[in-house]
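A.B. asks: Please take these sequences and the hints and turn them into a complete structure.
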Amino acid sequence: MLAFDDDDPDAAIWLDTDQPRCGTLPHLSEPKLAQAVRDRIGRNLRAMYGDLLREPVPDRILDLITHLDRRGRGTIH
Amino acid sequence: MTATPEVRDAMLAAIPSLRAFAISLTYNVDTADDLVQEAILRAWTNIERFEPGTSMNAWLFTILRNAFYSQYRKARREVEDPSGAYADRLVTIPEQDSRCDFEDLRTALVKLPVDQREALILIAAEGLSYEETAEVCGVAVGTVKSRVHRARERLGQLLAIHGAEDLGPDGVTQAALQSAF
Numbered sequence: 000m001l002a003f004d005d006d007d008p009d010a011a012i013w014l015d016t017d018q019p020r021c022g023t024l025p026h027l028s029e030p031k032l033a034q035a036v037r038d039r040i041g042r043n044l045r046a047m048y049g050d051l052l053r054e055p056v057p058d059r060i061l062d063l064i065t066h067l068d069r070r071g072r073g074t075i076h
Numbered sequence: 000m001t002a003t004p005e006v007r008d009a010m011l012a013a014i015p016s017l018r019a020f021a022i023s024l025t026y027n028v029d030t031a032d033d034l035v036q037e038a039i040l041r042a043w044t045n046i047e048r049f050e051p052g053t054s055m056n057a058w059l060f061t062i063l064r065n066a067f068y069s070q071y072r073k074a075r076r077e078v079e080d081p082s083g084a085y086a087d088r089l090v091t092i093p094e095q096d097s098r099c100d101f102e103d104l105r106t107a108l109v110k111l112p113v114d115q116r117e118a119l120i121l122i123a124a125e126g127l128s129y130e131e132t133a134e135v136c137g138v139a140v141g142t143v144k145s146r147v148h149r150a151r152e153r154l155g156q157l158l159a160i161h162g163a164e165d166l167g168p169d170g171v172t173q174a175a176l177q178s179a180f
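Sequences listed follow chains W and U, in order.
Reading the first sequence from the start, the letters are residues 0 to 76 in numbering that gives the first Met the number 0.
Reading the second sequence from the start, the letters are residues 0 to 180 in numbering that gives the first Met the number 0.
Some hints here could point you the wrong way.
[Unchecked claim] Here are the simulated SDA-like cross-link-like pairs (lysine to any residue), alpha carbons at most 25 Å apart as the crow flies:
#, chain 1, residue 1, chain 2, residue 2
1, U, K110, W, G49
2, W, K31, W, N43
3, U, K144, W, A33
4, W, K31, U, F101
5, U, K73, U, R41
Just so you know, the hints here were simulated from the structure itself, not pulled from any lab data.
C.D. replies: This is the structure we're talking about:
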């Protein structure tokens, strides 16, 4: 029944019904797999960065801005 | 020279992004906060160079990045392996379900050259445009695109094995991926 190149793993998964692999599941081609991995990396990257964005800003940074702001206004008046 | 309240507020609003970017560059919270402080000081004293209507975030990123590279180059002269030293004192990220994913990702990110890492973070995580990122990094848009491309390829290679194991709750995808390997 294999009227195609035996070395083609994609074709074998689709058509080798005697030994079905994962039932009727679609087989992901290599580019799609790579895309799936890239998507996952993108999601994790944003999630990781999101955690950093939600971290409270340390007082020393807020204090610095307050200090600069006051000093700036002080020189004007 | 002093910042108007609007500029000050824009700066305050930019701090979380600035810190996240600094941590992504240094992988060390203390070093990152030093960089953020230095960037704010430099920005404040050069506030007249900020062009109203442009992105405050991008402007501050540029300043912070310059501060990072002048320190990084100095550290490179002083220490044999600065990235190794940074890696020893990694940032702790809050525990959560995808903690293992994050661990893998962080480990992989550290392995990227810093120019690729910063481009990827600015585009994929911070959400700057290629044009803004090119401006921040002082390179051509094409260079940013190629750095991001190489960063994604490399991360994909570094994480591909784990990627096949658990791509999320989608069982169909998961089973198909297992068969693919």
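A.B. asks: Under the criterion that the straight-line Cα-Cα distance not exceed 25 Å, is the pair W:K31, U:F101 satisfied?
C.D. replies: 22 Å, holds
A.B. asks: Check the hint pairing U:K73 with U:R41 against an upper bound of 25 Å on the C-alpha distance.
C.D. replies: 19 Å, holds
A.B. asks: With the threshold set at 25 Å, check whether the alpha-carbon distance from U:K144 to W:A33 stays at or below it.
C.D. replies: 18 Å, holds
A.B. asks: Quick one, are U:K110 and W:G49 close enough, alpha carbons at most 25 Å?
C.D. replies: 21 Å, holds
A.B. asks: Take the C-alpha atoms of W:K31 and W:N43, compute the straight-line distance between them, and say whether it is at most 25 Å.
C.D. replies: Roughly 18 Å between the alpha carbons, so the hint for W:K31 and W:N43 holds.
Of the numbered hints stated above, none is contradicted by the structure.
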